[in-house]
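S.K.: These are the residues of each chain, in order.
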Amino acid sequence: MAVYTLDELASLVEGRVVGEAGTRIEGVATLANASSRQISFLANPRYQRQLSETRAAAVILSESELPYCPVNALVTSSPYIAYARIAALFAPDRLSGHHGVHPAACVSADATVHETASIGPNCSIGAGAIVGANSRIGPGCFVAENARIGADCLLVGNVSICHGVRIGERNIIHPGAVIGSDGFGFANVGGEWLKVPQLGSVVIGNDVEIGANTTIDRGALDDTVIEDGVKLDNQIQIAHNVRIGAHTAMAGCVGVSGSTRIGRRCAVAGGVGIAGHLEIADDVTITAMSLVLKSIKNAGSVHSSGIPTEPNRSWNRRLVYFRRLEEMADRLKSIERQLATENNKQED
Amino acid sequence: MAVYTLDELASLVEGRVVGEAGTRIEGVATLANASSRQISFLANPRYQRQLSETRAAAVILSESELPYCPVNALVTSSPYIAYARIAALFAPDRLSGHHGVHPAACVSADATVHETASIGPNCSIGAGAIVGANSRIGPGCFVAENARIGADCLLVGNVSICHGVRIGERNIIHPGAVIGSDGFGFANVGGEWLKVPQLGSVVIGNDVEIGANTTIDRGALDDTVIEDGVKLDNQIQIAHNVRIGAHTAMAGCVGVSGSTRIGRRCAVAGGVGIAGHLEIADDVTITAMSLVLKSIKNAGSVHSSGIPTEPNRSWNRRLVYFRRLEEMADRLKSIERQLATENNKQED
Amino acid sequence: MAVYTLDELASLVEGRVVGEAGTRIEGVATLANASSRQISFLANPRYQRQLSETRAAAVILSESELPYCPVNALVTSSPYIAYARIAALFAPDRLSGHHGVHPAACVSADATVHETASIGPNCSIGAGAIVGANSRIGPGCFVAENARIGADCLLVGNVSICHGVRIGERNIIHPGAVIGSDGFGFANVGGEWLKVPQLGSVVIGNDVEIGANTTIDRGALDDTVIEDGVKLDNQIQIAHNVRIGAHTAMAGCVGVSGSTRIGRRCAVAGGVGIAGHLEIADDVTITAMSLVLKSIKNAGSVHSSGIPTEPNRSWNRRLVYFRRLEEMADRLKSIERQLATENNKQED
Chain A
1 MAVYTLDELA
11 SLVEGRVVGE
21 AGTRIEGVAT
31 LANASSRQIS
41 FLANPRYQRQ
51 LSETRAAAVI
61 LSESELPYCP
71 VNALVTSSPY
81 IAYARIAALF
91 APDRLSGHHG
101 VHPAACVSAD
111 ATVHETASIG
121 PNCSIGAGAI
131 VGANSRIGPG
141 CFVAENARIG
151 ADCLLVGNVS
161 ICHGVRIGER
171 NIIHPGAVIG
181 SDGFGFANVG
191 GEWLKVPQLG
201 SVVIGNDVEI
211 GANTTIDRGA
221 LDDTVIEDGV
231 KLDNQIQIAH
241 NVRIGAHTAM
251 AGCVGVSGST
261 RIGRRCAVAG
271 GVGIAGHLEI
281 ADDVTITAMS
291 LVLKSIKNAG
301 SVHSSGIPTE
311 PNRSWNRRLV
321 YFRRLEEMAD
331 RLKSIERQLA
341 TENNKQED
Chain B
1 MAVYTLDELA
11 SLVEGRVVGE
21 AGTRIEGVAT
31 LANASSRQIS
41 FLANPRYQRQ
51 LSETRAAAVI
61 LSESELPYCP
71 VNALVTSSPY
81 IAYARIAALF
91 APDRLSGHHG
101 VHPAACVSAD
111 ATVHETASIG
121 PNCSIGAGAI
131 VGANSRIGPG
141 CFVAENARIG
151 ADCLLVGNVS
161 ICHGVRIGER
171 NIIHPGAVIG
181 SDGFGFANVG
191 GEWLKVPQLG
201 SVVIGNDVEI
211 GANTTIDRGA
221 LDDTVIEDGV
231 KLDNQIQIAH
241 NVRIGAHTAM
251 AGCVGVSGST
261 RIGRRCAVAG
271 GVGIAGHLEI
281 ADDVTITAMS
291 LVLKSIKNAG
301 SVHSSGIPTE
311 PNRSWNRRLV
321 YFRRLEEMAD
331 RLKSIERQLA
341 TENNKQED
Chain C
1 MAVYTLDELA
11 SLVEGRVVGE
21 AGTRIEGVAT
31 LANASSRQIS
41 FLANPRYQRQ
51 LSETRAAAVI
61 LSESELPYCP
71 VNALVTSSPY
81 IAYARIAALF
91 APDRLSGHHG
101 VHPAACVSAD
111 ATVHETASIG
121 PNCSIGAGAI
131 VGANSRIGPG
141 CFVAENARIG
151 ADCLLVGNVS
161 ICHGVRIGER
171 NIIHPGAVIG
181 SDGFGFANVG
191 GEWLKVPQLG
201 SVVIGNDVEI
211 GANTTIDRGA
221 LDDTVIEDGV
231 KLDNQIQIAH
241 NVRIGAHTAM
251 AGCVGVSGST
261 RIGRRCAVAG
271 GVGIAGHLEI
281 ADDVTITAMS
291 LVLKSIKNAG
301 SVHSSGIPTE
311 PNRSWNRRLV
321 YFRRLEEMAD
331 RLKSIERQLA
341 TENNKQED
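Keeping their order, the protein sequence lines are chains A, B and C. Quick note, the first sequence lines up with residues 1 to 348 if you use this note's numbering. Quick note, the second sequence lines up with residues 1 to 348 if you use this note's numbering. Quick note, the third sequence lines up with residues 1 to 348 if you use this note's numbering.
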């Protein structure tokens with residue numbers, strides 16, 4: 001078990017200790033649940049009330065919260081970042097302790113698995129595939145022919161990597177994710193659909209995280225591209241030939257249609273749908289359950305079309321009036337005409 | 001093959017036979033397709049027309065439908081519940097007939113699998129994991145380190161149970177479901193994302209059913225919790241630290257964001273999105289494709305924001321007027337001012 | 001490597017060569033990336049600009065684009081269809097080269113696997129299951145008891161086919177797809193849910209393609225049916241007892257609720273939700289993120305309810321006015337009354 005002094009932790013995050021510098025810290029926990037051997041943090045004002053009652057060994061917080069802290073404090077300008085760095089010290093290292101190929105894995109004689117990589121039970125590594133140094137492929141994954149996984153990647157389990165997909169370094173891919181399935185391409189021949197072969201691949205950069213059951217289709221001719229540092233939550237669908245710029249983050253259940261290019265450092269909230277062949281600028285935010293049908297050229301802009309709930313009765317009434325909008329506009333116009341006529345009369 | 005007399009079935013559901021008590025029943029079927037050896041049911045008035053033409057051996061129905069029944073009847077105040085109980089007699093028992101560990105399964109020497117449990121081919125059970133009595137783990141599942149599956153559970157196949165997840169008794173988990181993937185937690189450091197370790201787990205009660213390709217993320221520090229009797233349909237995304245109250249049901253494609261707490265016996269329709277850090281009271285209903293952005297305090301209330309389709313041309317016109325709303329409000333105000341001025345003049 | 005002359009390709013698609021008929025073609029590529037040994041195509045006017053700069057060996061295009069083509073041309077009235085046919089010549093044949101049962105597959109002694117079929121590593125084929133001629137089951141799939149896969153099918157990998165599901169010929173099923181999971185059927189007994197056994201199955205026709213992580217539930221009593229030539233993209237949810245008519249195509253993230261019947265040759269865009277027990281006519285189009293709550297009787301009609309994004313500030317203002325609609329209607333009515341009274345007065 002890892003143990004650090006509060007002082008050591010403060011050095012790591014360039015913070016300042018207020019209280020006992022030598023306090024031993026054995027783990028992290030929430031303000032409400034932390035024991036006297038754990039460090040906690042306050043980053044969201046929502047949890048301010050819990051600060052006064054915490055029994056934590058210490059709390060990571062900002063200068064402005066210091067007066068309300070009943071225990072040792074680790075003061076920093078960025079408590080959440082400091083917490084993330086400290087929590088990583090106490091998180092199990094999921095890339096270690098499993099070296100080698102499990103006897104119940106099937107590795108093609110023509111595959112190249114680095115000697116420090118680990119391949120779990122019931123995995124299948126196809127001909128020409130490469131698995132880089134220190135990468136860990138969990139149980140039930142397949143890495144198909146000629147796919148390449150870089151160094152220090154974690155495929156948690158039951159991940160599908162289709163043929164020829166190229167994945168960089170330090171990526172984390174959660175269970176059920178599918179990378180490189182065929183794009184949805186069909187030509188209509190007299191009312192029936194003719195499959196258009198999907199001959200491109202998927203290229204994923206470094207430091208990318210891909211959530212559970214997220215799917216990324218291979219390109220039709222060129223590749224689908226996910227740049228460095230992109231973070232995709234669960235149940236996301238990325239269609240063929242999409243490009244997602246570096247450090248963009250997408251929450252769960254987003255769908256992006258084919259050939260759309262999304263900029264860098266964008267934030268796409270849950271349930272958003274983005275049509276095909278669009279361009280989204282850098283640093284754009286799209287709020288929850290919005291439907292993007294046009295390109296967004298304005299870097300840093302925020303876009304929405306999600307409508308929040310209200311009680312069902314008032315919502316149903318609202319829909320009734322929504323459907324009368326055109327009629328209301330007509331009546332408004334007719335009133336304006338009537339008033340104009342009367343004004344004219346009065347002026348006569 | 002199971003065979004019951006109509007009388008035996010009536011006793012089971014505390015119903016009343018009208019007709020031949022000794023009629024032999026060998027199965028269940030719809031009104032339209034039932035043969036003279038099968039029992040059917042009428043629970044939805046939509047299918048009333050089919051009653052008069054049924055060739056079923058008997059029909060489960062309510063007193064009020066009895067006069068229209070051309071065959072034997074099993075009368076009960078709750079035909080659908082009675083049908084569910086009777087159908088269960090004829091359904092194959094999916095927990096029996098597969099005891100033991102399949103030779104093509106990988107069970108860690110440090111795992112504990114009950115002698116009455118069954119582990120299918122290509123499964124992987126990690127160190128410290130526990131599988132309870134009579135539980136059946138279908139082909140291709142993994143149960144990672146220190147995860148616990150209670151008694152009488154069915155994991156149909158290709159299910160992913162991540163490390164340390166705790167699952168109660170009598171749960172059914174459908175293929176492709178992922179329990180315990182990392183929550184989506186990142187701290188922004190100068191435009192790039194730093195992973196926040198997800199150190200909590202997922203705790204699932206008893207009698208829970210989880211649909212195909214549904215994902216439930218592990219908590220950041222505390223656990224994500226699914227209480228007893230919750231029923232989740234397919235393709236649902238439950239984020240980290242969510243709590244879902246007992247006997248709540250959610251239809252397909254729902255997404256719930258982090259730290260939201262949903263009450264007991266709620267009904268969430270398909271495609272709903274619920275934002276993070278909210279509280280939803282007990283017995284709340286949310287209708288299809290609604291977006292919940294605020295807490296709902298009112299127990300038993302119904303909430304909506306889904307807009308139903310209309311023909312594309314009229315919809316496009318409606319959007320035009322929707323975009324003119326502010327202008328219309330301005331014109332309305334200007335008319336009111338004009339009228340007020342005129343009234344003042346007339347009063348002068 | 002396949003090599004064709006331009007003339008041979010033109011014959012195949014009944015097109016006309018303008019330029020060197022004997023030009024050797026070794027592959028396909030986009031206008032921008034094609035080398036002098038590859039053929040490209042122009043089917044979308046969006047890419048017209050790239051035509052003048054292409055270095056392709058030849059371009060498939062329509063008569064009207066011919067004057068702008070700087071290289072050899074293959075002229076046809078349907079460039080996209082011609083491209084699809086030609087690209088198929090250069091696509092790897094994914095059904096060949098893997099005959100037989102992999103030693104790490106588990107095939108029940110009571111299953112019937114055709115001698116020309118291939119079963120990949122870590123697959124499990126249950127008792128009574130059938131796999132037809134030339135079909136290829138990729139790594140990590142399960143085909144449960146009594147399920148039937150016809151000839152010439154491709155299950156790419158990690159696909160789940162539940163018990164008794166019947167799949168026709170020439171189907172392609174992508175990773176993570178689940179066919180035959182239980183429908184979402186429960187009877188409410190005093191606030192708790194009683195499972196209604198799902199005793200039907202799923203029947204899938206010929207030439208169907210099913211995307212990654214798409215789920216299709218088995219019927220409650222009768223079967224869920226997917227007719228010939230249906231194309232389903234990724235992350236789609238099809239509930240129990242749905243019927244999808246032949247040659248209908250659905251884009252990603254669509255959800256269809258129970259017992260709904262969708263006609264032939266329909267086009268359903270991404271993120272659409274369709275309620276249960278509806279009937280959708282043939283050739284209907286539903287645009288992105290629409291919510292269908294009523295049957296659509298009008299064949300060939302187009303339906304919508306998706307609202308496109310706008311900048312967040314103007315959207316928030318729009319929502320404010322949307323919520324004032326009823327009040328605006330009241331004020332409009334009050335103005336009309338006032339004007340009517342004045343008119344009456346003036347007429348007096």
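Hints in this document: simulated from the structure, not taken from any laboratory. Where a beta carbon is used, it is the ideal one built from N, C-alpha and C, also for glycine. There's no promise every hint is true.
[Stated by the list, open to error] Derived Cβ-Cβ restraints for the label pairs, each shown as a range: (1) B:Arg49 with A:Tyr47: 55 to 65 angstroms; (2) B:Asp110 with C:Pro311: 36 to 46 angstroms; (3) C:Pro311 with B:Lys297: 29 to 39 angstroms; (4) B:Asp330 with A:Tyr68: 43 to 53 angstroms.
S.K.: Each of the hints needs a verdict: does it hold here or not?
M.R.: Hints, verified against the model:
For the pair Arg49 (chain B) and Tyr47 (chain A), the beta carbons lie near 58 angstroms from each other, so the given range of 55 to 65 angstroms is met. A beta carbon spacing of about 57 angstroms between Asp110 (chain B) and Pro311 (chain C) contradicts the range 36 to 46 angstroms that was offered as a hint. Evaluation of the 29 to 39 angstroms hint for Pro311 (chain C) and Lys297 (chain B) yields a pass: the beta carbon distance comes to about 32 angstroms. The hinted range of 43 to 53 angstroms is satisfied by Asp330 (chain B) and Tyr68 (chain A), whose Cβ atoms lie roughly 48 angstroms apart.
The structure shown violates just one earlier hint, number 2.
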